[in-house]
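Peer 1: Quick mapping for you: the protein sequence lines, in order, are chains A and B.
In my numbering, each residue's number is its place in the first sequence (first place is 1) plus 142.
In my numbering, each residue's number is its place in the second sequence (first place is 1) plus 142.
Some clues are possibly wrong.
The list makes no distinction among identical chains, and a pair is therefore deemed to hold if it is satisfied within one copy or across any two copies.
Calculated cross-link-like contacts (lysine to any residue; reagent style SDA-like; alpha-carbon spacing at most 20 angstroms) [unchecked claim]:
1) Lys346 to Thr306
2) Lys346 to Asp303
3) Lys242 to Pro267
4) Lys346 to Ser299
5) Lys206 to Ala279
6) Lys346 to Ser232
7) Lys196 to Thr184
If you're looking for bench data, these hints aren't it; they were derived computationally from the structure.
2 protein chains.
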Amino acid sequence: MTLLGLTADPVRPGRKRDLTRDPEILAATLEVLAEEGYDGMTVDMVAARAKAGKATLYRRWPSKAELVIDAVACMKNAGLDPENLPDTGSLRGDLIAMIKPHSMEDGERKLHIMAGIVSMISRSPELATVAHQAFVAPRAAITRALIQRAVDRGEVSAEHDLETAAMVAPAMTAYRVLMLRQPVTRDFMVSVIDNVILPALGVKPAPSSA
Amino acid sequence: MTLLGLTADPVRPGRKRDLTRDPEILAATLEVLAEEGYDGMTVDMVAARAKAGKATLYRRWPSKAELVIDAVACMKNAGLDPENLPDTGSLRGDLIAMIKPHSMEDGERKLHIMAGIVSMISRSPELATVAHQAFVAPRAAITRALIQRAVDRGEVSAEHDLETAAMVAPAMTAYRVLMLRQPVTRDFMVSVIDNVILPALGVKPAPSSA
DNA sequence: TATATACGAAACTCGCTAGTTTCGGATATA
DNA sequence: TATATCCGAAACTAGCGAGTTTCGTATATA
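Using the sequences plus the hints, can you model the full thing?
Peer 2: If you want it as C-alpha cells, here you go:
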C-alpha cells in the first residue's frame, strides 16, 4: 500500500490531524470577519481567536482567501431548515412564525459577515458564488416556499409577482443593517410583512391585527 | 497684515494652490473606490488617475481616510434635485418618471462605491455619517416627498406605513446590486413600483397597465 | 530679483501582514 | 524504539502601501 504514495494515502505514520479543530477555526474566522472585515482581519487574529498556531491554519488552507471562502461556504443556517417550515395555515402566520430571536440574531450576524466581504466579492468569483449560496439562496428559497404554499391553498393568486415579493424581506433587512445600521427588530419585521409583503401579494389584513 | 500669521492668512508669497484640482482628485478617488474598494484602493492609484503627484494629495488631505470621507461627502446627486421633482398627477406617474437612464446609472455607480466602503463604515463614525447623507438620505427624502404629495391630493391614505414604503425602492435596488450583483434595469424598477410599492400604499393598478 | 510656495514625478522610510520556518513536545506507525 | 507527522508558539522573510522627502520646474509676493 505504500508502494506509490503519489495520492492521498490515509495510511501514514505520525500524529493524526485533529479534525475537530477545523470547525473551530472556521468559526473563529467568521467571528473576526464580522468584526474586522476581510482586509481588517489578519491570519494571526484568527489563530489567536481559535487558540491555534498559524502553521496549523496554513497546513489546512493554502491562503487567507481560501480560508475565508471555506468559512463562508461552511456557514451554518441556524434554524433555517427548508424541510421543516412552520405551517400555521395562513401566509401571515407562517411569515410571523419565521421571526424567531435566534433566527433574527443569526441573520444579523450573517449580514455583518456579508458587509465584511462585499468589496471582496467583486474580485473573487468563487467567493461571490459561496456568498450567494450562503446568504441569498437559503432565505429566498424559504420565503418562496411559504408563498408557494399560500398559492397552492388558494390564499394567494399566482398572478402576483412572487419572485419580487420573496425578495422584499431579505432586501429590507439587508438595507436596514448595511445602510441604515439599525438593528433588525421584531416590530420592523412585522411591519414589513403586514405593510409590504402581504399587500404586494393581495392578502387582506385581518380586521383585528392592524 | 503680516504682523501675526498665526491663523489662515490668505496673503502668502509663492505659487497659489490650483483649486480646480480638488474636484478632479475627489472624482478620481470615487472612481478608484468603486473599482477597488477602500482597502484595494491605494493613494498612488488615485494620484495616477488624477494625473497628480502624491504630495499634492497629502498637501490637501491629511490621510487616505480623510480623502475618502471628503470624496463621499462631496459626491454629486446626479439629477436628484428635491426641489424639482416630477409632477404627473399620479403617484405611479411620478415614481415611473424618476426612472431615468442617467439617474439609474448614477445610482448603480453609487452602490458600487457604497460596496467599497461598507466594511469601513463600522469603524469610522464620520464615514458612516457622510455615507448616510450621501447614499441614504437623498433618495429616501425624494420618495417620501412623492408619497406625501400623493397623500395630500388624497390618492393615498395616511394610514399606511409611509416610512417603510419609502424604503422599499432603495432597499430593493441595493439588494439587487450588492447581494444579487445584477444590474438595475427599468423593468425591475417598474416591477418594484407596480408589484410592491403601490400595493403597499393601497393604490389600485390602472386596468390597462398591468 | 530673491524668496516662498505650488506642481508632478520619483525615491525613500517604516510598519504591518501573508506566508514560512523553527522549536519543544505530543501522538501516531512500523 | 526510530521515525514521521501533528500541535501551539514564536521568530523570521519578503513585499506592499501609507506617508515623507527630494528634485526640477512653475508661479506667486515683495
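Peer 1: Hint by hint, say whether it matches the structure.
Peer 2: Outcome of the hint check:
Taking identical chains as interchangeable, the C-alpha atoms of Lys346 and Thr306 lie at most 20 angstroms apart whether they share a chain (19 angstroms) or sit on different chains (18 angstroms). For a Cα distance limit of 20 angstroms, the shortest separation of Lys346 from Asp303 qualifies both inside one copy, at 17 angstroms, and across copies, at 15 angstroms. In this homomeric assembly, Lys242 and Pro267 never come within 20 angstroms of each other (Cα to Cα): the closest approach is 33 angstroms inside a single copy and 30 angstroms across copies. Proximity of Lys346 and Ser299 under a CA criterion of 20 angstroms is satisfied in both settings, with 12 angstroms inside one chain copy and 16 angstroms between copies.
In the homo-oligomer, the alpha carbons of Lys206 and Ala279 never lie at most 20 angstroms apart, since the shortest distance is 25 angstroms inside one protomer and 36 angstroms across protomers. Taking the shortest alpha-carbon separations for Lys346 and Ser232, only the intra-copy value of 12 angstroms comes in at or below 20 angstroms, while the best inter-copy value is 24 angstroms. Taking the shortest alpha-carbon separations for Lys196 and Thr184, only the intra-copy value of 11 angstroms comes in at or below 20 angstroms, while the best inter-copy value is 28 angstroms.
Hints 3, 5, counting from the list given before, are not met by this structure.
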